[in-house]
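Residue numbers (the working numbering), protein chains in the order written: chain A, 1 to 329; chain B, 1 to 329; chain C, 1 to 329; chain D, 1 to 329; chain E, 1 to 329; chain F, 1 to 329.
Watch out, some of these pointers could steer you wrong.
Derived, one-sided and incomplete: chain C residues facing chain E with beta-carbon distance under 10 angstroms [what the hints assert, rightly or not]:
#1 MET1
#2 VAL4
#3 ASN6
#4 SER9
#5 PRO14
#6 TRP93
#7 ASP99
#8 GLY128
#9 GLU147
#10 PHE150
#11 LEU151
#12 THR175
#13 LEU194
#14 GLY198
#15 HIS200
#16 ASP202
Stretches of chain C that chain D covers, calculated by requiring three or more beta carbons in the stretch to come under 8 angstroms of a beta carbon on chain D [to be verified]:
#17 68-82
#18 214-222
Honestly, the hints are just simulated from the structure, not real lab data.
Note that the coordinates shown come from a computational prediction; the quantities given were computed from them, not determined experimentally.
Backbone N, C-alpha and C define an ideal beta-carbon position, used for all residues, glycine too.
6 protein chains.
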Amino acid sequence: MAKVINGVSIPNLPWEDKPQGCTDTVWRYSKNPIITRNDAFEANSVFNSAVVPFGDGFRGVFRIDSYDMLPMLRTGKSRDGIKWEISDDNLEWTDRNPDIGYEYGYDPRVIKHEDGKYYICWCNGVPGGHTIGLGYTEDFEKFYQLESPFLVYNRNGVLFPRKINGKYAMLSLPTNPGSGGGLGSIWYSESPDLEYWGHHRDVMHPTSLGWQNNKIGPGPAPIETDEGWLLIYHGVMGSCAGLVYSMGAAILDIDEPWKVKYRTKKFLLKPWEPYECMGDVHTVVFPCASLVDADTGRIAIYYGCADTSVGLAFTTVDDIIKYTKENSL
Amino acid sequence: MAKVINGVSIPNLPWEDKPQGCTDTVWRYSKNPIITRNDAFEANSVFNSAVVPFGDGFRGVFRIDSYDMLPMLRTGKSRDGIKWEISDDNLEWTDRNPDIGYEYGYDPRVIKHEDGKYYICWCNGVPGGHTIGLGYTEDFEKFYQLESPFLVYNRNGVLFPRKINGKYAMLSLPTNPGSGGGLGSIWYSESPDLEYWGHHRDVMHPTSLGWQNNKIGPGPAPIETDEGWLLIYHGVMGSCAGLVYSMGAAILDIDEPWKVKYRTKKFLLKPWEPYECMGDVHTVVFPCASLVDADTGRIAIYYGCADTSVGLAFTTVDDIIKYTKENSL
Amino acid sequence: MAKVINGVSIPNLPWEDKPQGCTDTVWRYSKNPIITRNDAFEANSVFNSAVVPFGDGFRGVFRIDSYDMLPMLRTGKSRDGIKWEISDDNLEWTDRNPDIGYEYGYDPRVIKHEDGKYYICWCNGVPGGHTIGLGYTEDFEKFYQLESPFLVYNRNGVLFPRKINGKYAMLSLPTNPGSGGGLGSIWYSESPDLEYWGHHRDVMHPTSLGWQNNKIGPGPAPIETDEGWLLIYHGVMGSCAGLVYSMGAAILDIDEPWKVKYRTKKFLLKPWEPYECMGDVHTVVFPCASLVDADTGRIAIYYGCADTSVGLAFTTVDDIIKYTKENSL
Amino acid sequence: MAKVINGVSIPNLPWEDKPQGCTDTVWRYSKNPIITRNDAFEANSVFNSAVVPFGDGFRGVFRIDSYDMLPMLRTGKSRDGIKWEISDDNLEWTDRNPDIGYEYGYDPRVIKHEDGKYYICWCNGVPGGHTIGLGYTEDFEKFYQLESPFLVYNRNGVLFPRKINGKYAMLSLPTNPGSGGGLGSIWYSESPDLEYWGHHRDVMHPTSLGWQNNKIGPGPAPIETDEGWLLIYHGVMGSCAGLVYSMGAAILDIDEPWKVKYRTKKFLLKPWEPYECMGDVHTVVFPCASLVDADTGRIAIYYGCADTSVGLAFTTVDDIIKYTKENSL
Amino acid sequence: MAKVINGVSIPNLPWEDKPQGCTDTVWRYSKNPIITRNDAFEANSVFNSAVVPFGDGFRGVFRIDSYDMLPMLRTGKSRDGIKWEISDDNLEWTDRNPDIGYEYGYDPRVIKHEDGKYYICWCNGVPGGHTIGLGYTEDFEKFYQLESPFLVYNRNGVLFPRKINGKYAMLSLPTNPGSGGGLGSIWYSESPDLEYWGHHRDVMHPTSLGWQNNKIGPGPAPIETDEGWLLIYHGVMGSCAGLVYSMGAAILDIDEPWKVKYRTKKFLLKPWEPYECMGDVHTVVFPCASLVDADTGRIAIYYGCADTSVGLAFTTVDDIIKYTKENSL
Amino acid sequence: MAKVINGVSIPNLPWEDKPQGCTDTVWRYSKNPIITRNDAFEANSVFNSAVVPFGDGFRGVFRIDSYDMLPMLRTGKSRDGIKWEISDDNLEWTDRNPDIGYEYGYDPRVIKHEDGKYYICWCNGVPGGHTIGLGYTEDFEKFYQLESPFLVYNRNGVLFPRKINGKYAMLSLPTNPGSGGGLGSIWYSESPDLEYWGHHRDVMHPTSLGWQNNKIGPGPAPIETDEGWLLIYHGVMGSCAGLVYSMGAAILDIDEPWKVKYRTKKFLLKPWEPYECMGDVHTVVFPCASLVDADTGRIAIYYGCADTSVGLAFTTVDDIIKYTKENSL
């Protein structure tokens, strides 16, 4: 039985048992979507958002497209991980260095690191393009922006929750801005100090056919297990109606995470429900955060729905690892 | 009168006086192209190549497209900088780390650094894309590959010839692989150790109209002068027959080279001659190297012609700086 | 408090008060959509349609895509502006000049002009392209086609309800037929006689980011107020799933309407409801007509929903002008 | 009154009378969709599927996109043509020749031929592209693959149910793989032996405007009538939100089926219902099979809905032929 | 024998007899190109330029792409029509109205009108696009800009040399800016006052195949003859290496010039010579001006070569009309 | 030493020895191009043409783009294979079946078959597309068109010179008409009777990098040798200036020619000369015919140059086979 390493207890983890008769490894919360435009001030949409346990509840960083349709980050808090109180104001960086750029921000991830800080990675609008933004908070009151890890163009980045081989480590998706969000792969990079980055390694590429044949990008912070790093990721397929974003998983080597041990040949979650198939961008499920209860191995996955709202899905560490190993490419 | 800083004497610099009646700042060598496919073994083309003074002559790293049309690097040597003896074999990296990738290589720059090494920057084919490759030699016999500074996709990189603010510094062109070599800007990055890179800053963008309206990329190693860093660069214009690559110049702040002091509104060299207008890629002049004689301020610029051969052009530090300041955007 | 100029009383204006708790400036009718394919004979869809007060009721010109999916115009009448009786036959022009062209027609606007006529502007299919069609009626029985104001390619045109500086005036969207309905701006043109047009001026362009970053087009006939011409318009955003059409407003100078005094940075209405997000063209709200009651300042806006049906939304002159001024670009 | 030739009695044909007030020639089953992902094992979707009478019930070949999103064929059986029991395993070809290729399969048609066999035509994934696959069964237990009739690239093929002029005959849609499923026409080909094919003739092309202006493809097996071959086909329209797939009909000459006698100017069925407008590929109705009861002339049409599920629609031979003749292009 | 109407004597018309053995209707000047970059100050290229008889010599308006590659207009004069003295400065408009726009200009035509003025039509850069610019001079000293006749986007316009039916008349090419200079047709428009334009009529469209299958545009001012208006125009063909611009001719009805009497099925001149096949835009011959000697019927045609230089070609009114009639589409 | 099988003696084969110092396997004729537009009546270009020995001289079928730029076939004869007398009229098919289509024709191959006939394969314009045309002659006086072997879209076809396994055999390039002549592979098909075709097998695909990374197509008729079928083919590379067409070779299994034994990793001939790099389509060498002298093994290859003229190149059977084996992919 797969075991979470360096995990935490989350007794108040949002949870709902798998429905009778369901044979899927990941299942949806029956009251999805859990967060909609009505839950935030002057919001066109709330989606692709990140949460972590904090104190006796949860904190989160949310992507809000406001009425000007400029994507921005806002913070929120919750007791149960389901009902969220979202700030009316956009997240501001304390004493930030204007040279780094922060014209807009979207698709945040939040990572509780072994160094005690909560890091935020997001897609950051800088002069002339977009790249991964990096910042941190210790209290969800004050936020500090760090140097951008990479040059443009990069769209999805997520830090590992601990140093690997003595270095900070990040997965990201350097991407092609010219073709409507075209092809891209997942890469690994490391840093001694979160200021300078290098040792870039390609981790995995899109497949030639199927649900992940267009591009793939890292999702929530990797989960450390005794089988390796469990990475929940999104895969994109081109159809003649555009793109379809689905969810899969991979298990990466614990010490050399650019080496893929297993990777799902089949999706774990695909847009099926109306709130996933209709909205600002149709047919999208986009995982950005997961909560893992180390005691039970239960996982609650927060995912964006059709670039419009936030959905919740469930699985367990054991189930998802078993499925990934048994259905590996 | 503009002065070269940290320059060297190159008494045997290739040179030809400006033709009678010519009012242009940069002028072509009358015997262009100086290097063609006939000067290398089984070469379809020799172009976009880099040279430096070495011993009592010159050494170079050349882009050769062989008969399989895979771009590769080869070394060469010359007494006069005009006639070149090019190696029959592709450049090999000693004890290289295969994880870094080196599937093919093109458009090299060679920089003699204050640390005594000769660095090579080139566009490096890695699994899943292309990015800047970085390596060095001390003797042009043994070559050592370093970590790639950046993630994919990046096409033109050039190191500054000395540390800036105690850091190695590089200009590069993160670029869009999806649209036939589409839009891109020049960025600045720095590194404490040539292993990890950060502090990325955008330097300059394409203009909305004219010869540099599509993308721009750094050319030869920046030349240190008392007016700032003199950067010779290429600018690309989209025409209804494709792309036109021309040459311009900029003067960057000496301490904060991501700040542009002057930048040519007009091109310095544009494809006019048949060997620049006809070949594997028509209408291309692409500067990759320059030799500067500190005593006279004479500059010999090596540039690729139509992705087919190597041309030579001349100017002086004083002339080009004067022109850049007087015709600045 | 903003005042309507040259307005009319419409005591039977369709109306519904703003819902409790709604803080938006424009709100939807609770029984939307008000006109669907079932309300017209052999209609695939009824949308992007125009209405005016007439007699003690209302008349309209409707876009109907029939079962051959060729867009055509039909007329309709209504007592209350909500239930419409739509003609089974396409609108025919009396004694029309075949040289002008009328292969198909869509997206009509109807303008009651100070000269007493009801003008129809629409996108007119002519040999070799599409441009603004112009015609008029006095009784909604007989319709007369005039010369096309502009060359191809032009997609949205709307006449001002009175002469400006002694000239007829029109806003339009000269557009790019080659890229799926790509980029376009709003232009102003004038005519001494509705036969010859000139003095073309650009009014406003798409923004670089946000809900109106792709193209913008004029909506209903501009409403004259003491603050200037109130123009309700549509803005289009490119997403990776295609285009999203939203509604905004601008206030144009009363005498020089090509000068923009205010323009909404935020949208006033964006596709949120299933009938706006699903249909022949998803994620479209497209305002084509408005009724304004001069007594109360109430505005009823008719807008196309997903190229499939007609929706109704409400606001007041005072609210929309206040919002536009306070949220101006 | 139009008469079916060489037809069979299907007393248990699925049927529902035309709804009160409906004036359309083809109407939907009120309990659509009849087959969804829940009706098959580990299926993302079940659509574009083919059925025939067999024994005292029905058999079918179904397109299933499994969790890897690779389209595959599976068989199924039904007593009433509405409730289907679908095999858990993909259809396998007995002793198949691996040189022919069968990497994936989709959009099957099944034709009961006068030679007694049940032929399956589908879009077959072969090395380097896709083309029409051809196979047969006699008992829906063992299936045998034949040579591919055509070179790549071909997407929709359907055999005529009897020889014409002593030759097997097939309609197909040679198509353009490079532009998201772009333009294509219906062609006729014949074969003496189902092994070698020739005498290719173009049958009909997309129109310049309307619901079939992008490409057209054959649907279910042509129905022999005393008016000619009744061909139900799909037509595709490009909109600014992508493609819209509708259904039309044509009557082909009985002896020279590449000659079109009549062809619907108007669609017979277009995506209107949510299950046709939302799903993996929005706005698609795609007819793949029809059951015709020779006694009553009733036709039950099976069509794919939004690349997600299977719908059922009804008409009669007489109605559809009358409509086609009266609304011919 | 075809006769020029309203023509002038040009005894010093540039001329060279048809070469021995040449059977073509239009032949090149043996000393082409007659104007190159060396003939103008700081010019990258001189091409697509217009000339008229003036005094005892000739005057012209030239397209010059300067070293910034922004296309601009300059004037020039010549005694013999072959050697040209080109102004060092760009053409300036006296007291021009800045609202009309003049950001850049290219591809001028000059028309001596019966009203005594010399009109210039060119492609004019205005805020948000390009359209036909219109201006005049009486002395080639002072130039006055008029209102732009049309909305964006329009690339080639040419005025008729006299009023038709009491109205000024213009041919133009409303065009598609979004697809690299894509499809376009020739249209006719008229104006009572050169201020307001209307009565737009399509004149001719590209053909489906051959040298004019992509777009067509009017060339020099139409020549009045007793057979109708002789229009020399350019036709564009798409090849897999881009566009090929050739020259053809049409004869338009004298009173209703939107009616085409004859139009060449074959080109009259196509890029064959190196100076037409190589340059900033390869494979371009682009006629912009013609001189016609009414006494002899000789025509000297000035055409742009590869967007780089100006070439001269010859024919006679009689020959070209005969050829056009005998080789009409 | 490689031996030609079923070859013929061609004592008057055009020939020129390899130039001193040339190390290439294929070398150009020093008087290239041998056929230009001046060699045919009213021809814009003569290229991509096919020749065979006939009587004591040679006969050929030529692609001529006439002044309408519609590609057509014409015949020609020659005593020495270098000077050609080309018919003034287009090739006409005797008693041809209009249902098969022949709107235009290009890129012919001529194959002397063991059945005694001379077959012509070409790219044939049919209603709705292009495909391989097939015809034959016995005397180069009368020509008979056969059924088209394949459906649209197919661009290059060549028959084997004898039956294989008792069947006629053809190589072709089914291709993608939608993307400027995009990706395509070589396929094998066979026929019992030249009327019906089947048993399609993919032979080889483009490579991922290099001179043949875009599409590949068969060239002259395969040459039977004791090492297998020697196939000279063209490979196309995408560059940022468009496509580059080069020449390579493959050796196919003698009995199962869809199996590739060897295939050149390096090109044999690439556009280098001005007549290959400049013309209607730049950077094209396109082999369409070869003459092989069985006595000496000498091969004369006829190839199209820049879609403009015909060039001649030489090699020997032994050299080309040796090179292909030693430089195989």
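Structure-based check of all given hints:
For the restraint placing MET1 of chain C at the interface with chain E, the shortest Cβ-Cβ distance is roughly 33 angstroms, beyond the 10 angstroms limit, so the hint is violated. Interface restraint check: VAL4 of chain C against chain E, minimum CB-CB distance 29 angstroms, threshold 10 angstroms, status violated. For ASN6 of chain C, the interface hint is violated, since its Cβ never comes within 10 angstroms of a Cβ in chain E; the closest pair sits about 25 angstroms apart. Interface hint status for SER9 of chain C: violated, as the beta-carbon distance to the closest one in chain E is roughly 36 angstroms, over 10 angstroms.
Among the interface hints, the one on PRO14 of chain C is violated; its C-beta lies about 35 angstroms from the nearest C-beta in chain E, farther than the 10 angstroms criterion. Of the supplied interface hints, the one on TRP93 of chain C is violated, with its beta-carbon coming no nearer than about 17 angstroms to a beta-carbon of chain E, more than 10 angstroms. Contact between ASP99 of chain C and chain E, as hinted, is supported at the beta carbon level, the nearest pair being about 6 angstroms apart and thus within 10 angstroms. Annotation: interface hint on GLY128 of chain C holds; nearest CB of chain E at approximately 5 angstroms, less than 10 angstroms.
Of the supplied interface hints, the one on GLU147 of chain C holds, with its beta-carbon coming within about 5 angstroms of a beta-carbon of chain E, less than 10 angstroms. Taken as an interface hint, PHE150 of chain C checks out: its beta carbon lies about 5 angstroms from the nearest beta carbon of chain E, inside 10 angstroms. With its C-beta approaching chain E no nearer than about 4 angstroms, LEU151 of chain C sits inside the 10 angstroms limit, and its interface hint holds. Interface restraint check for THR175 of chain C: the shortest CB-CB distance to chain E comes to about 9 angstroms, inside 10 angstroms, so the restraint holds.
Of the supplied interface hints, the one on LEU194 of chain C holds, with its beta-carbon coming within about 9 angstroms of a beta-carbon of chain E, less than 10 angstroms. Interface restraint check for GLY198 of chain C: the shortest CB-CB distance to chain E comes to about 4 angstroms, inside 10 angstroms, so the restraint holds. For HIS200 of chain C, the shortest C-beta to C-beta distance to chain E is roughly 5 angstroms, which falls under 10 angstroms, so the interface hint holds. At its closest, the beta carbon of ASP202 of chain C sits 5 angstroms from a beta carbon of chain E; the interface hint therefore holds under the 10 angstroms criterion.
A count of 3 residues in the region 68-82 of chain C with a Cβ less than 8 angstroms from any Cβ of chain D is obtained; the coverage claim is therefore met, three being the minimum. Coverage of the region 214-222 of chain C by chain D is violated [criterion: at least 3 residues with CB-CB distance below 8 angstroms; count 0].
The structure fails hints 1, 2, 3, 4, 5, 6 and 18 (numbered hints given earlier, in ascending order).
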